[in-house]
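Given only the sequences and the hints, what does the whole structure look like? Please build it.
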Amino acid sequence: MNRAFVVILFSCFVSSFAFGQSSTGYNIRVHLKDYHAGRLYLGNYYGQQTYLIDSAEMNYEGEAAFKGKDTLEGGIYFVLLPKKERYFELLIDKHQHFSIMADTADGFKNISFTGSPDNELFTGYNYFLRKEQEKIIQARKAGDDSVVIRQLEGKNGKEIEKYRSNFQEAHPEALLSLIFRAMQDPVIPAPFKDAKDSTGKALAFNYFKKHYWDHIDFADNRIVRTPVLATRLQRYFTQMVVPVPDSVNEAADKILAKAHANKEVFKYVLWWLTYHYETSPYMGMDAVFVHLVERYYMTGQAYWLTKDQLQKIISRASQIAPNLIGNTAPDLALKTPDMKAVSLWGVKSKYTILVFWDPTCGHCQIVVPELDSAYEHLWKNEGVKMMGVLAGGTQDQWQQFIKEHHLGDWINAWDPDHSTDYRRLYDVYMTPVVYLLDDHKKILAKQLDVKQLSDFLEHLNNKETAFVKKDK
Numbered sequence: 202m203n204r205a206f207v208v209i210l211f212s213c214f215v216s217s218f219a220f221g222q223s224s225t226g227y228n229i230r231v232h233l234k235d236y237h238a239g240r241l242y243l244g245n246y247y248g249q250q251t252y253l254i255d256s257a258e259m260n261y262e263g264e265a266a267f268k269g270k271d272t273l274e275g276g277i278y279f280v281l282l283p284k285k286e287r288y289f290e291l292l293i294d295k296h297q298h299f300s301i302m303a304d305t306a307d308g309f310k311n312i313s314f315t316g317s318p319d320n321e322l323f324t325g326y327n328y329f330l331r332k333e334q335e336k337i338i339q340a341r342k343a344g345d346d347s348v349v350i351r352q353l354e355g356k357n358g359k360e361i362e363k364y365r366s367n368f369q370e371a372h373p374e375a376l377l378s379l380i381f382r383a384m385q386d387p388v389i390p391a392p393f394k395d396a397k398d399s400t401g402k403a404l405a406f407n408y409f410k411k412h413y414w415d416h417i418d419f420a421d422n423r424i425v426r427t428p429v430l431a432t433r434l435q436r437y438f439t440q441m442v443v444p445v446p447d448s449v450n451e452a453a454d455k456i457l458a459k460a461h462a463n464k465e466v467f468k469y470v471l472w473w474l475t476y477h478y479e480t481s482p483y484m485g486m487d488a489v490f491v492h493l494v495e496r497y498y499m500t501g502q503a504y505w506l507t508k509d510q511l512q513k514i515i516s517r518a519s520q521i522a523p524n525l526i527g528n529t530a531p532d533l534a535l536k537t538p539d540m541k542a543v544s545l546w547g548v549k550s551k552y553t554i555l556v557f558w559d560p561t562c563g564h565c566q567i568v569v570p571e572l573d574s575a576y577e578h579l580w581k582n583e584g585v586k587m588m589g590v591l592a593g594g595t596q597d598q599w600q601q602f603i604k605e606h607h608l609g610d611w612i613n614a615w616d617p618d619h620s621t622d623y624r625r626l627y628d629v630y631m632t633p634v635v636y637l638l639d640d641h642k643k644i645l646a647k648q649l650d651v652k653q654l655s656d657f658l659e660h661l662n663n664k665e666t667a668f669v670k671k672d673k
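Sequential numbering of the sequence shown, starting at 202, is according to this note's numbering.
These are computed hints drawn from the structure, not numbers from a lab.
You may find that some hints are simply not true.
Pair ranges (Cβ atoms, derived) [claimed, not checked]:
| # | residue 1 | residue 2 | range |
| --- | --- | --- | --- |
| 1 | 409 | 356 | 36 to 44 angstroms |
| 2 | 284 | 409 | 40 to 48 angstroms |
| 3 | 462 | 340 | 42 to 50 angstroms |
| 4 | 505 | 295 | 21 to 29 angstroms |
| 5 | 542 | 432 | 53 to 61 angstroms |
| 6 | 284 | 519 | 40 to 48 angstroms |
Computed list of lysine-lysine pairs in DSBU-like fashion (alpha-carbon distance at most 30 angstroms, straight line) [claimed, not checked]:
| # | residue 1 | residue 2 |
| --- | --- | --- |
| 7 | 336 | 234 |
| 8 | 411 | 464 |
| 9 | 508 | 468 |
| 10 | 410 | 394 |
| 11 | 310 | 234 |
| 12 | 359 | 336 |
| 13 | 604 | 581 |
Computed from a predicted structure; not experimentally measured.
Each residue gets a CB set at the ideal place from its N, CA and C atoms; glycine is no exception.
Next up, the structure:
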């Protein structure tokens with residue numbers, strides 16, 4: 202993973218999240234008991250991230266006001282107290298001129314809102330939750346056994362579901378109803394709800410997956426200013442989608458088609474998918490990043506990016522695309538230490554481990570001898586050949602390292618004329634970089650450590666598939 206690029210990708214996403222284009226503005230007055238000075242901060246959620254958007258100084262009476270000319274976009278917000286150690290949440294939607302009275306001594310249990318129907322409803326819900334949670338706390342204090350506590354937790358869960366259902370019927374347009382609907386899982390039909398056999402369980406899972414997004418209103422951009430959509434995305438793509446690029450790409454395209462109902466929702470979902478898969482710890486998921494860039498960024502759908510930001514993302518995808526798992530590794534016309542011609546495609550072996558390394562790199566100084574030890578004791582007898590390519594340091598340093606660490610059985614090569622463009626073709630921007638190739642030089646794996654390579658080769662030799670994490 203290119204760390205510098207991750208920073209670029211994240212900065213492309215950060216913009217003015219919270220403000221609309223209305224002239225009515227907002228005026229949120231806050232009164233905190235037991236406070237006589239200090240600065241308060243107003244922030245909002247954007248997915249699972251939080252951002253501060255305003256601040257206000259309290260007077261001696263503990264009063265402050267957040268004011269702005271533009272209205273705030275609907276969502277879950279929070280007020281952060283001085284020293285930024287504690288906060289309480291609130292909802293902001295249509296009513297943006299209201300006051301808050303809060304007693305900080307009791308953990309914000311007593312907060313009252315004036316002029317904000319949404320927060321009056323939100324306060325009622327939080328009060329209900331505290332009562333339900335208190336029942337479980339008291340049962341634990343009383344020493345009730347685990348069976349009784351689990352039964353109580355199950356009962357409380359049903360009561361919470363009932364509360365949310367009744368709330369949605371009574372207040373269908375409320376922001377809290379949007380949140381409750383988005384949190385709602387599909388109800389599996391009776392025929393296979395309690396299935397014990399594998400067929401019934403598969404039917405139940407497929408039904409759940411098919412209807413997982415039924416209660417998300419992709420046309421309502423308020424959902425992106427809550428943690429709910431991000432949580433649903435995380436759960437779906439980690440628990441319900443087969444973690445192979447083709448399956449992930451298909452699922453991503455379906456979700457993005459739904460997200461097109463609203464520009465802001467589409468922006469968030471595309472960013473989430475892009476960031477999630479560009480930074481994935483799992484080998485091969487960079488193919489998803491390339492797919493997203495080619496299908497959405499290169500076709501002009503990332504409307505929020507500047508030309509420079511867009512070019513950086515496209516450039517990153519172009520660096521990854523040639524070396525995706527399943528691709529044929531680009532040939533490299535190189536030289537041996539004694540300046541004889543040697544090429545990658547000219548290496549005849551069942552498997553080739555291609556290593557780009559630098560004799561002055563501390564990590565390489567550890568990894569390269571480990572690779573050689575595994576090669577000598579394990580891999581050589583499995584039809585593996587090692588090809589090491591100089592990717593830093595001087596020729597003398599390289600040859601000295603080869604001599605000292607007895608790498609004579611490797612195919613050692615370098616590019617003295619800088620004619621191969623290997624850094625771009627193989628994404629060599631740090632070292633070491635390791636690829637495993639088959640006899641046709643198809644890329645089977647990359648960025649695995651020694652143990653992972655051994656496990657992967659064992660799986661291959663046993664004609665099994667492997668799905669493993671990359672070496673960090």
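How the hints compare with the structure:
no.: 1; hint: 409 / 356: 36 to 44 angstroms; verdict: 23 angstroms, violated
no.: 2; hint: 284 / 409: 40 to 48 angstroms; verdict: 44 angstroms, holds
no.: 3; hint: 462 / 340: 42 to 50 angstroms; verdict: 44 angstroms, holds
no.: 4; hint: 505 / 295: 21 to 29 angstroms; verdict: 25 angstroms, holds
no.: 5; hint: 542 / 432: 53 to 61 angstroms; verdict: 56 angstroms, holds
no.: 6; hint: 284 / 519: 40 to 48 angstroms; verdict: 46 angstroms, holds
no.: 7; hint: 336 / 234; verdict: 29 angstroms, holds
no.: 8; hint: 411 / 464; verdict: 24 angstroms, holds
no.: 9; hint: 508 / 468; verdict: 16 angstroms, holds
no.: 10; hint: 410 / 394; verdict: 14 angstroms, holds
no.: 11; hint: 310 / 234; verdict: 13 angstroms, holds
no.: 12; hint: 359 / 336; verdict: 14 angstroms, holds
no.: 13; hint: 604 / 581; verdict: 19 angstroms, holds
In this structure, the one hint that does not hold is number 1.
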